[in-house]
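Visitor: Going line by line, the protein sequences match chains W and G. With the first letter of the first sequence counted as 1, position 135 gets the number 135 in this note's numbering; the numbers rise by one all the way through. With the first letter of the second sequence counted as 1, position 29 gets the number 29 in this note's numbering; the numbers rise by one all the way through.
Bear in mind the hints are in silico, worked out from the structure with no lab data behind them. One or more of the hints may lead you astray.
Label pairs and their calculated CB-CB ranges [said to hold, decoys possible]: (1) G:Pro-78 x W:Asp-9: 47 to 55 Å; (2) W:Ala-25 x G:His-75: 18 to 26 Å; (3) W:Glu-112 x G:Asp-16: 27 to 35 Å; (4) W:Pro-18 x G:Gln-17: 24 to 32 Å; (5) W:Glu-112 x G:Met-12: 35 to 43 Å; (6) W:Gly-153 x G:Gly-118: 17 to 25 Å; (7) G:Gly-50 x W:Gly-114: 22 to 30 Å; (8) G:Asp-3 x W:Arg-39: 23 to 31 Å; (9) W:Gly-114 x G:Gly-98: 47 to 55 Å; (10) W:Asp-44 x G:Gly-25: 20 to 28 Å; (11) W:Gly-153 x G:Arg-128: 19 to 27 Å.
Facing chain W, a subset of chain G residues (Cβ under 8 Å, in silico) [to be verified]: (12) Thr-35; (13) Val-40; (14) Pro-64; (15) Ser-77; (16) Ser-105; (17) Phe-111.
Here chain G is said to cover these stretches of chain W; the calculated rule only asks that three of the stretch's residues, wherever they fall, bring their Cβ under 8 Å from a Cβ of chain G [claimed, not checked]: (18) 47 to 61; (19) 65 to 75; (20) 94 to 106; (21) 110 to 116; (22) 149 to 157.
From the three backbone atoms N, C-alpha and C, an ideal C-beta is built for every residue, glycine too.
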Amino acid sequence: MRAGVLHGDVTVGWSLAPLSHDVTATTVVLGALASRDWRPMHHDHDFAVNRNGTRDIFLNTPNQAAWFERYVTDWTGPTGRLGRMTFRMNTPVFPGDHMVLAGTVISTEVDEVGCGWVDLDVSLEVDGAAATTCVVRVALPVDSDDNPWRRHGDRWRP
Amino acid sequence: MTDLPPVPDQVMARIDQIQYELEGGFPVEQGYIWTSCASVENGNPLFWDGEVAAELTDGPVAPPTMLSVWFRPHHWSPGLTEPAVPLQAHFDLKEDLGLPEAIISSNTNVFHHPVRVGDRVRSRQVLRSISEPKTTHLGRGRFWVVDVEYLNQDDAIVGVESYTAFGYRRDDGESQ
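Model the full structure from these sequences, guided by the hints.
Guide: Now the structure itself:
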C-alpha cells in the first residue's frame, strides 16, 4: 500500500505546516469557473461592489472547500479520505489578500467498524484573522494494509 | 426599521419535502477534475496518476469537494430562456420571503460513495428550517438551512451538502 500518514502516528495537538497563497482576481475567477459557479459576484467587480456591497469579487464557497481539501490531503497523502467538512464563513476573501491556511488535530478515534478518523480545525486567515474556519473529518489508514477508500456501505460512517 | 412579515404557510409546508430533483448536465469528466485541482494547485497523485488511482480506488475518482460541480447547470444551453440557477430552493426563499440579498454563512459537506469518472450525478433539494427574524451587521433577515443530496446512477448517495444561509434586506435602503 502507498505510504501516507497512518492514524496511529497522529496525536491531538499536531499542527500542520501552514500554506500561504496570494489571492488574485485570477484565483477568484479560476476558482469560480472550475466549480461551475457563474454568479457575478465571483467575476464581476461592479456587481460585487454595487449590488452585494462587498469590496471586490470574492472566493466562492466550493473553491474554498477545494483549498481546504488540498491543504489536508497535502498532509495525509492520497490514502487520506475526506468524510466531512463544516465551514463557517466570517469574511470574504478578496483579490490582494494574502491567505494562510493552518490546521491542528483536535481529536482522533477508531470507530466501531475499525475506521481511523482524525478531526482537524483548519482556518483560512487573512491579516491574522480567520476569514473562514473549517472542521475537517478525514479517514487515515490504521495500518499499512488499510485503505479508507475501500470502505463502503456500513463500513464507511462519515 | 419595519419588521419582517410572517413566513407564509406555503413556504413552511416545504420543510422536509424533496424539491428540484435534477439530473447532472454531463457525466463526471476527467478534464473538469484537473481544472479544479489546478485552481487550487492540488497535486494529489490520486487525481493525476492513473496507477495511483487504480491501486487505491480501482480507477479515477473526483475530489470529494467537487460534489456540487456535477449538477450545476450550464450558464446557457439550447432552449433555455432564462439563466439557470443552482440551489433553487434557496433562491425561492429569497423571493418568497422578500429578502433580496443572501449570503451562505456555513456549509457542511458529508462525503459517501466516491464519485467516479463517467458517473451521472443527480441532486435533490430539501428545505430543513427557517429561523425567526434576526439582525446581523448585514441587515434584518432570516437564516435558513437547505440540504442538497447527491446520488449516482445506481442510486447510491455520494454526498450531502447542508447550506445555512442568511437572507436579508440591506440597511442602506438599496435592496430592491
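Visitor: Each hint should be assessed against the structure and marked as holding or not.
Guide: To see whether the hints hold, each was checked on the structure:
Restraint check, Pro-78 of chain G to Asp-9 of chain W: a C-beta distance of roughly 54 Å satisfies the suggested window 47 to 55 Å. Hint check: Ala-25 of chain W to His-75 of chain G, Cβ distance near 19 Å, so the stated range 18 to 26 Å holds. Under the hint 27 to 35 Å, the C-beta atoms of Glu-112 of chain W and Asp-16 of chain G, about 29 Å apart, fit the expected range. Evaluation of the 24 to 32 Å hint for Pro-18 of chain W and Gln-17 of chain G yields a failure: the beta carbon distance comes to about 44 Å.
A hinted range of 35 to 43 Å for the beta carbons of Glu-112 of chain W and Met-12 of chain G is consistent with their spacing of about 38 Å. In this structure the hint that Gly-153 of chain W and Gly-118 of chain G lie 17 to 25 Å apart at CB holds, the actual value being about 21 Å. A C-beta distance of roughly 29 Å is found between Gly-50 of chain G and Gly-114 of chain W, which places it inside the suggested range of 22 to 30 Å. Asp-3 of chain G and Arg-39 of chain W have their C-beta atoms about 29 Å apart, which keeps the hinted 23 to 31 Å range intact.
Between Gly-114 of chain W and Gly-98 of chain G, the C-beta spacing of about 51 Å keeps the proposed range 47 to 55 Å intact. Checking the proposed 20 to 28 Å range against Asp-44 of chain W and Gly-25 of chain G shows it holds: the Cβ atoms sit about 23 Å from each other. At about 25 Å, the beta-carbon gap between Gly-153 of chain W and Arg-128 of chain G stays in the expected band of 19 to 27 Å. For the restraint placing Thr-35 of chain G at the interface with chain W, the shortest Cβ-Cβ distance is roughly 5 Å, inside the 8 Å limit, so the hint holds.
Residue-level restraint check for Val-40 of chain G holds (minimum Cβ-Cβ distance to chain W is 5 Å; threshold 8 Å). Taken as an interface hint, Pro-64 of chain G checks out: its beta carbon lies about 5 Å from the nearest beta carbon of chain W, inside 8 Å. At about 12 Å, the closest approach between the beta carbon of Ser-77 of chain G and any beta carbon in chain W exceeds 8 Å, and the interface hint on this residue is violated. For Ser-105 of chain G, the interface hint holds, the least distance from its beta-carbon to any beta-carbon of chain W being 6 Å, beneath 8 Å.
A distance limit of 8 Å between C-beta atoms decides the matter here; for Phe-111 of chain G the minimum to chain W is near 5 Å, and the interface restraint holds. A count of 3 residues in the segment 47 to 61 of chain W with a Cβ less than 8 Å from any Cβ of chain G is obtained; the coverage claim is therefore met, three being the minimum. Only when three residues or more bring their CB closer than 8 Å to a CB of chain G does the claim for the segment 65 to 75 of chain W stand; here the count is 8, and the claim holds. Chain G is given as covering the segment 94 to 106 of chain W, and this is violated because 0 residues of the stretch bring a CB closer than 8 Å to a CB of that chain, at least three being needed.
Restraint check on the segment 110 to 116 of chain W versus chain G: 0 residues with Cβ-Cβ distances below 8 Å, three needed, restraint violated. Interface restraint, the segment 149 to 157 of chain W with chain G: holds (3 residues with C-beta to C-beta distance below 8 Å; minimum three).
Going down the numbered hints, you'll see the structure goes against 4, 15, 20, 21, while the others check out.
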